[in-house]
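K.L.:
If you want the building blocks of each chain, they are given just below.
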Amino acid sequence: AQSVTQLDSHVSVSEGTPVLLRCNYSSSYSPSLFWYVQHPNKGLQLLLKYTSAATLVKGINGFEAEFKKSETSFHLTKPSAHMSDAAEYFCVVSDQSNYQLIWGAGTKLIIKP
Amino acid sequence: DAGITQSPRHKVTETGTPVTLRCHQTENHRYMYWYRQDPGHGLRLIHYSYGVKDTDKGEVSDGYSVSRSKTEDFLLTLESATSSQTSVYFCAIRADRDVSYEQYFGPGTRLTVT
Numbered sequence: 001a002q003s004v005t006q007l008d009s010h011v012s013v014s015e016g017t018p019v020l021l022r023c024n025y026s027s028s029y030s031p032s033l034f035w036y037v038q039h040p041n042k043g044l045q046l047l048l049k050y051t052s053a054a055t056l057v058k059g060i061n062g063f064e065a066e067f068k069k070s071e072t073s074f075h076l077t078k079p080s081a082h083m084s085d086a087a088e089y090f091c092v093v094s095d096q097s098n099y100q101l102i103w104g105a106g107t108k109l110i111i112k113p
Numbered sequence: 001d002a003g004i005t006q007s008p009r010h011k012v013t014e015t016g017t018p019v020t021l022r023c024h025q026t027e028n029h030r031y032m033y034w035y036r037q038d039p040g041h042g043l044r045l046i047h048y049s050y051g052v053k054d055t056d057k058g059e060v061s062d063g064y065s066v067s068r069s070k071t072e073d074f075l076l077t078l079e080s081a082t083s084s085q086t087s088v089y090f091c092a093i094r095a096d097r098d099v100s101y102e103q104y105f106g107p108g109t110r111l112t113v114t
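First to last, the sequence lines map onto chains A and B. Letter by letter, the first sequence follows residues 1 to 113 in this note's numbering. Letter by letter, the second sequence follows residues 1 to 114 in this note's numbering.
Excised from the complex, chain A in its bound form (with noise of 0.2 Å):
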């Protein structure tokens, strides 16, 4: 079965300092992985996902994700992190048995000033 482990509950970064979030997975077959954005009191916006292509993906406001099948490791990046990146980060496996989506627990990104 699959699964989805957000390894930080919350990161702490300065403004203009890179920004890692960390998600590992578990999966039989070959997934499809995404990650999901939600600001405070807002809805789900879908930042990237991975579907077997490029294993580096690129996704909105400068975010990028590793597959990584080794490691089993798709982590978030962002070079240099804004206050308007403070939000709550979801890491999501689809599975592939029935197409659902599988959410980690989610990581919240504080940025300080």
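Hints in this document: simulated from the structure, not taken from any laboratory. There could be a bad hint or two in this list.
So these bits of chain A aren't anywhere near chain B, every CB distance computed over 12 Å [claimed, not checked]:
| no. | residue |
| --- | --- |
| 1 | Ser14 |
| 2 | Thr17 |
| 3 | Ser26 |
| 4 | Asn61 |
| 5 | Glu64 |
| 6 | Ser84 |
| 7 | Ala86 |
To give an idea of the chain A side of the interface with chain B (calculated C-beta under 7 Å), a few residues [as the list claims (entries may be wrong)]:
| no. | residue |
| --- | --- |
| 8 | Ser28 |
| 9 | Ser32 |
| 10 | Phe34 |
| 11 | Gly43 |
| 12 | Leu44 |
| 13 | Leu46 |
| 14 | Lys49 |
| 15 | Phe90 |
| 16 | Tyr99 |
| 17 | Trp103 |
| 18 | Gly104 |
| 19 | Ala105 |
| 20 | Gly106 |
Glycine included, C-beta positions come from ideal geometry on N, C-alpha and C.
Keeping the supplied structure of chain A fixed, place chain B upon it in accordance with the hints.
P.N.:
Chain B alone, transformed into the frame defined by chain A:
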């Protein structure tokens, strides 16, 4: 914008009362989903639908029922609301054209059961 609306956006109700939440889409997608979001749990699937009158249970379906009599509307009903159902509820669709199975979400309904 996937053309998804939810109503009401906020609701406060008393324990034991029935509550119905509505999800409406404008693009006639086949798959629709109801989730609940609670701190520390991410999103958990309640029920989903793969067509008119075709629905199935998700991970946390106890205490909830759904109906889909038209492609564009997916209703979630709490037959007798309990305090444990206080949550934020999100509706989602899966675009039929996509092969990667991502979902697009409505704005959410904040439900408080007192």
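K.L.:
If a hint holds in the structure, say so; if it does not, say that too.
P.N.:
Hints, one by one, checked against the model:
1. Ser14: holds (25 Å)
2. Thr17: At roughly 26 Å from the nearest Cβ of chain B, A/Thr17 sits farther out than 12 Å, so the non-interface label holds.
3. Ser26: Fine: 15 Å to the nearest Cβ keeps A/Ser26 off the interface.
4. Asn61: Correct as stated: the minimum Cβ-Cβ distance to chain B is 17 Å, above 12 Å.
5. Glu64: Its Cβ never comes within 12 Å of chain B, the nearest being 17 Å, so this holds.
6. Ser84: Holds, because the least Cβ-Cβ distance between A/Ser84 and chain B comes to about 19 Å, which exceeds 12 Å.
7. Ala86: Non-interface label stands for A/Ala86: nearest chain B Cβ at 17 Å, farther than 12 Å.
8. Ser28: violated (16 Å)
9. Ser32: holds (5 Å)
10. Phe34: The hint holds - A/Phe34 has a Cβ within 7 Å of chain B, the shortest such distance being about 6 Å.
11. Gly43: holds (5 Å)
12. Leu44: Check passed: Cβ of A/Leu44 comes within 4 Å of chain B, closer than 7 Å.
13. Leu46: Because about 6 Å separates A/Leu46 from the closest Cβ in chain B, which is inside the 7 Å limit, the hint holds.
14. Lys49: holds (6 Å)
15. Phe90: This hint holds: A/Phe90 lies near chain B, its Cβ roughly 6 Å from the closest one there, short of 7 Å.
16. Tyr99: holds (5 Å)
17. Trp103: OK, holds: A/Trp103 within 7 Å of chain B, min 4 Å.
18. Gly104: For A/Gly104, the interface hint holds, since the closest Cβ of chain B sits about 6 Å away, which is under 7 Å.
19. Ala105: Cβ of A/Ala105 sits 5 Å from chain B, so the hint holds.
20. Gly106: holds (5 Å)
Of the hints listed earlier, the one the structure fails to meet is number 8.
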